[in-house]
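Asker: Here are the chains, one letter per residue:
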Amino acid sequence: MRKITLMLACFLMTMQVVFAQRMISGTVTSADDGSGLPGVTVVVKGTTLGTTTDMSGKYQIDVPATARTLVFSFIGLKTQEIEIGGRTVINVVMSTDATALDEIVVVGYGVQTKREVSGAIATVKGESLRTIPVQTFDQALQGKAAGVTVTVPNAVLGNPPVIRVRGFNSISASSSPLYIIDGVPVFTGDISRNANPVNPLGDINPSDIESIEVLKDASATAIYGSRAANGVIIITTKRGKQGKVNVTYDASMGYSSPYRLYDLMNAEQYVATKNKARENAGLAPAYFLNYDKDGNLIDTDWNDVVYRTGFQHSHALSVSGATPSTNYMFSAGYSNNDGIIRTNSLERKSYRFNLDHKINKVLSLGANAGYTNIFANAPQTGSIAGANFATAGAGRLAFVTSPIVPVFLDNGDYNIDYPNNRVGLLNNLQPVGFFHPQFVFDKNYNNSQSDRFIGTFYGNVTIMEGLIFRSSYGIDYNQLESKTFWHPQHGDGRTNGGEAYNYFDRRRRWNWTNTLNYNKTFAEKVNFAALLGTEEQYTQFDGWSGRRSGLADPFFTDYQGSFTTPQQPPAALLSENFFTSVFGRVNANFDRRYYVEASLRRDGFSGLSKNNKYGNFYGASLMWNITNEGFFKESSLGNIFSDLRLKASTGRVGNISGVSDFASLFLYGAGTYNGNASLFFNQAGNEDLQWETSNKFDVGLAFALFNDKYQFEINYFNNNIDGLILNVPQSPSKGIPGNTLPMNVGSMFNTGIEFSVTSTNIRTSKLLWTTTFNFNYLKNEVTSLADGVPFLVGVTQLETTNRSFVGQPLGTIWGVETDGVDPATGRRIFYRRDVNPTTGEVTRSKVYFDFSKPAAQRWQNEDGTFSRPIDIANDGVALGSPIPKFFGGLDNNLSFGNFDFNLGLTYALGFYVYNGSKAGLRDQRNWNNSAEVAEKYWQNPGDVTDIPKPIWGDNISNGSSMVQQQNVEKGDFVKVRNIGLGYTVKNDFLRKASISSVRLYTQIFNAYVFTGYTGADPEISSNGDTNLTPGIDRNTVPQARTISFGMNLVF
Amino acid sequence: MKKYMKFPILVLLVALVFGSCHKELLDPVPRTAISDLTAFETRDRIIGQVNGMYASFKNGQYLGGRYIVYNDIRSDDYLNLQQNGVTGLLTWGHNLTPSTNEVQNLWAAVYAAVNRVNLFLEGLEANKDKIISGNLLTQAEFDQFKGEALALRGLAYFHLAQLYARPYKQNPAGLGMILRLKAMKSGADNAQARATIAETYTQILKDFNDAEPLLPLGSGANTVATVTLMHKGTVAALKSRVYLHMENWDKVIEEANKIVSAAAPFTAPTGVSYGIVENFESIFKPPYTTAESIFSMPMTATELPGTQNGVAHYFSASTIGNNEYPINASSVVWSSTAFPADDARRVLTSTATVGGTEYKFIKKYQSFPHTDYIPVIRYAEVLLNLAEAEARKNGVNARAVALLNAVFMRANPAATAFTTGSFANADAFVDRLMLERNMEFLGEGLRSGDVQRKLAPFAAKGTVGAVPVTSIAYVWPIPQSELNTNNLVQENP
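These protein sequences, in sequence, are chains A and U. Numbering (the numbering used here) for the first sequence: 1 to 1051. Numbering (the numbering used here) for the second sequence: 10001 to 10493.
I should point out that these hints are in silico values taken from the structure, not numbers from a laboratory. Treat the hints loosely; a few may be bogus.
Stated by the list, open to error - Heads up, simulated DSSO-like pairs for lysine-lysine below, C-alpha to C-alpha not over 30 Å straight-line:
hint: 1; chain 1: A; residue 1: LYS78; chain 2: A; residue 2: LYS58
hint: 2; chain 1: A; residue 1: LYS358; chain 2: A; residue 2: LYS244
hint: 3; chain 1: U; residue 1: LYS10251; chain 2: U; residue 2: LYS10146
hint: 4; chain 1: A; residue 1: LYS45; chain 2: A; residue 2: LYS114
hint: 5; chain 1: A; residue 1: LYS241; chain 2: A; residue 2: LYS986
hint: 6; chain 1: A; residue 1: LYS610; chain 2: U; residue 2: LYS10130
hint: 7; chain 1: A; residue 1: LYS885; chain 2: A; residue 2: LYS114
hint: 8; chain 1: A; residue 1: LYS610; chain 2: A; residue 2: LYS45
hint: 9; chain 1: U; residue 1: LYS10363; chain 2: U; residue 2: LYS10251
hint: 10; chain 1: A; residue 1: LYS633; chain 2: A; residue 2: LYS45
hint: 11; chain 1: U; residue 1: LYS10182; chain 2: A; residue 2: LYS610
hint: 12; chain 1: U; residue 1: LYS10393; chain 2: U; residue 2: LYS10251
hint: 13; chain 1: A; residue 1: LYS853; chain 2: U; residue 2: LYS10360
hint: 14; chain 1: A; residue 1: LYS241; chain 2: A; residue 2: LYS361
hint: 15; chain 1: U; residue 1: LYS10023; chain 2: A; residue 2: LYS613
hint: 16; chain 1: A; residue 1: LYS610; chain 2: U; residue 2: LYS10363
hint: 17; chain 1: A; residue 1: LYS114; chain 2: A; residue 2: LYS525
hint: 18; chain 1: A; residue 1: LYS610; chain 2: U; residue 2: LYS10128
Unchecked claim - Derived coverage of chain U by chain A (criterion: at least 3 residues anywhere in the stretch with Cβ under 8 Å from a Cβ of chain A; other residues may be distant):
hint: 19; stretch: 10031-10038
hint: 20; stretch: 10407-10421
hint: 21; stretch: 10456-10469
Keep in mind it's a predicted model, so treat the numbers as computed, not measured. For each residue, glycine too, the CB sits at the ideal point set by N, CA and C.
One chain only, chain A, in its complex shape (with noise of 0.2 Å):
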């Protein structure tokens, strides 16, 4: 080799002395930061004349006198050929491409060019994400992907959000998208067992994210077989790149608080109203306003308590570059969050290493390591799914107690009621509120620590040109450490004088994967590409947990101090499973015209019956490249189109993510009976249980104008899902296991539009204005439930709120049609429908409630006699679609000379919110209400008003027993995502002290939502990552609103 090297380089240099007319120097230096580019190719357009820049970006090369054009090039920057003229100086300044359609696109197990990508894949760059202050990356991605929809529950830290790509893609399935990172198919969703939720992806450093793809349609997805139906997010982090030691530091703090609280009744209000409560009820006043010992009017707002500004900051290190054989990245990122709720608090350490060595031509290797280490706390927030209705939840406990209590008395201590277990009543004759959020605040905690590590090692290997074998073997193992423990004095731990309970769970994932790429070119024009692979995956959880009550002695706070009561504890897990693949994909095009892409994959999944065990899934496209046809260049359409491609694509792809593991047996589960082994049938199976299917269609158009200045892409897709795994509701008289049985036999389609630009509205060498903005349409119906199934129930802890059934859209909310208060008597008006049992015609009729009345008389006709109860079984009615029919967001960057400003919009149309809490706001028990109770309550005949007359007790009237129309909202919002403003700073003197540039810059998260809802935030999930009850705000804490201020410092 060296042997030949050498003769090369005396050759050229022999050519030169040959050659040699004149001589042309000069400086390559960055757009970014100005800093010299080494390593640049510069040649002499037409000839094998070159040479590279050195260390600080100079160049010199002898040019033969017919020379007329220097060209350099760089990979990831313009290539920019240069006039000569007459110069013997020529400096260039090279910017990143400039046409992001040459960009790569990360697809399925390989690479491709945008403009060469026929299926339906949405790219964030991690660059976008990076500065924005969430605690997982996934939150971030709000609005900046066509069809995917990002819906964060509320501001508890770490809580999972909702992602949907192209809506809702399952019922009792999971409708989540597989992540992969790194190759590796990673673990997602709330794994936590306590309080505290745990996203798993929240592992993931966003600062070491090179890009996030988003596959759509089935054609990009069905290389993943049966994981695909709900979309696949690639995640890539970061490799180094050639140039110079790239040397950064990230850092930024910042301050979240809640934003749009409810408005609560003061003092003066709780007392007027609940005893006019008690009156119209017949009753004695049973509450009086309080003084402190210094005469002060006692009135808390226990917003205070529950909520805060909480103080978060971040640092990201990374150490980046690369070699011609070798790359390699490391970083270290540390976040520490305060969340906006009392004693909510997230903190993360974070390691990556990635490396990339070519050892000769034919043998490279490479490894990915990330290690995160998560510490976080949350006190019972009533926030996350299934826990809405907890004494404990913090979101409630700050607006039912009442403002007549003090937090603290006047000797300091904590103003509880403990035998009752409740604050304290002071001289008041009924309750006052639950439990005392600041002591359990201070006395309780549920915390959770999780090690994380995700790696994978591979090879490359070049088995001859265009031929590269490559294996690579991901772990993913993930420890979980969930601590909870009640003080026993107050609070949930009174019961049982003080509990704790320790989980300790274990994933553990191996992923191997085994591929073969070709790709050649036949002809010069046939360009072929084909992949051929094999995958296995194997999963294990492995989990265990202890219960002890009885704490000894207060002085204990620890699972494994002193209790003198063992209880049972909390279910352990063990479970496994085994995906086992052979998948393929042909990519061909002629002439970069006319393209075809199909790909094929073969699942074996272990939780189905031994018939079923396999399925197969196929996804195939046609597209067709308009610019590259002669015709088409020389029409003058030619000039203002730089990018026009039709594309088409179908498939069937599967779904079986949130089955169980072992869905197709029947099972027996173990137990005691007075200390005696039990054995107890527990789980019925189901033989028959196959994939879910869904059969997805699309078309697209993309195009782009004026040399890609405006890109534009609309895609219209349909997705027919058969085979849903359902729940299938079984008689309870059968005395089923759960009163279900998982079976295919449900049928949905989402059918939409999808319509992004990306325009770059100014470039000038000062300014730059950039902006993206997609709009989607989505529809989504079910079509067939089984058989003797007319409707599946969703329900909010205790609470029935949601019906999904054929015609309508999944998880419909349900309730009761209500028509305001009646002015005269200040009666809620409800609507009683009653079915002619022969006929099956619905009769509607008003009747009207009083809860003063004895029970039976409380429901009264429109005539004066008495009507059976309102009840959702009977009366109940669809309310409105939670989905949103029209979404999507719209970013503008701006850079003016040092400064860059960017203001990112999300929004979303077209749907209804559930908003429980305002039944609760509105409650006329001991429950504290929002103001609007105390200011517009009717008080006197001819009153118009949506507040009836308050009677002591009353939790019908206004929605606190069943879901009722007047607290169904519409949720149409548009939002301000985030609003920022940096400016960089690039100097002599900074350069001195080694630092290419520095970008300061400050931020608004969550700045502003403008909508008519009435409830905390339209973008709400009290039943977190669910498909039967989306759409529910129920006892939920609100988001939180986060500036912050950061740095970014390149070396």
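The hints should help you fit chain U onto chain A, whose structure is shown.
Answerer: Same frame as chain A, but now just chain U:
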């Protein structure tokens, strides 16, 4: 190039071959559960299933707590202080609808227990040869377990009929229960109509009668085993209750006589030596195995009824309970002059102040955590069942009065005993006896059944009006979840 070629091809071959070497991982066996295919393969598993059936009955939604609670709080004996929709408020206020939690949850818990019984019975028969020839069980054990299963099923259907069907006396041809007698494992058979009330009672008695000869007699002093598992005496006692609801006085006498001697002091002539104990409170104290406890649900610190399920949570004062249901001082029983102030049952109460008012709570359940055994049937009830039948069949005779005295005098040792002359006629005797039952079994889940088998209205209490027999609220509705999935089921009229 050639020399490089060999290496990758080798890698490729190894990888592709190795890539299909983990096929066994496609058939994992769960390690924390037992497959239905092997549930009858060992002696321990079969015995485990017997325990599993009892444990299903002990579920906090059923006999471990809520069944007892609901049957008591339907009556006028209690007030409701917490106004909590998840702790029986709607049952107490007779405001249930098909979708109310208690209506749906109790139904599901009882039928789940029934299905486990049916699975066990079918499995036992299907594997009979293997079980007997393989010496997994002796024939006697085989029979006994089958008997226990049948007796449990009879009990479950009786309990269901108490809440979800109208009283037998009102109309035996009326809508009874859905009689599920086969094991259910698949998606088939959702639809099944309700049998009549008469058919339901026939099935209950058939199960008890089939069970009785198979069950052990037991002997000597009561033990944990005889209290917590079905015996011949248990079934006789339960049948006396079923026949009482049917007003089949001959049969009540026949069944009760199996465990009640002819004359006082009343004891069981054979089998477990049941009898009346002197100290009333001792029945409700550890070890809960007095001569009076015929069948109870055992509780231990690791087998608790669950949050808001424990009987004590409802009926006991804080801090054992939650001050949910205090005694209604103006109830029929509590305001009765026939209920002396020093009656042991009246004395067994505690007080708590709630919202400025002092309330009395019953104190039969005294443990925290809720480890008190929950009585399902007690000897005192059998005596009173027998007394009622005697009086109805033979008039107010000496035995009927002696039986009443056995219960009344135990709680009032200083009182004057009743004589046959104390009662004008059988009606007067039964009226007094009903009051006695109310005093004796407060908090034991008998009250609703006693009201209904007389077709009496539920008396008014607090803000809740009386509920006449004609009211839709007189019995529970069939749950919405059943109506939704079973198109042959009919709602109660």
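Asker: Hints the structure violates: just list their numbers, smallest first.
Answerer: 8, 9, 16, 20
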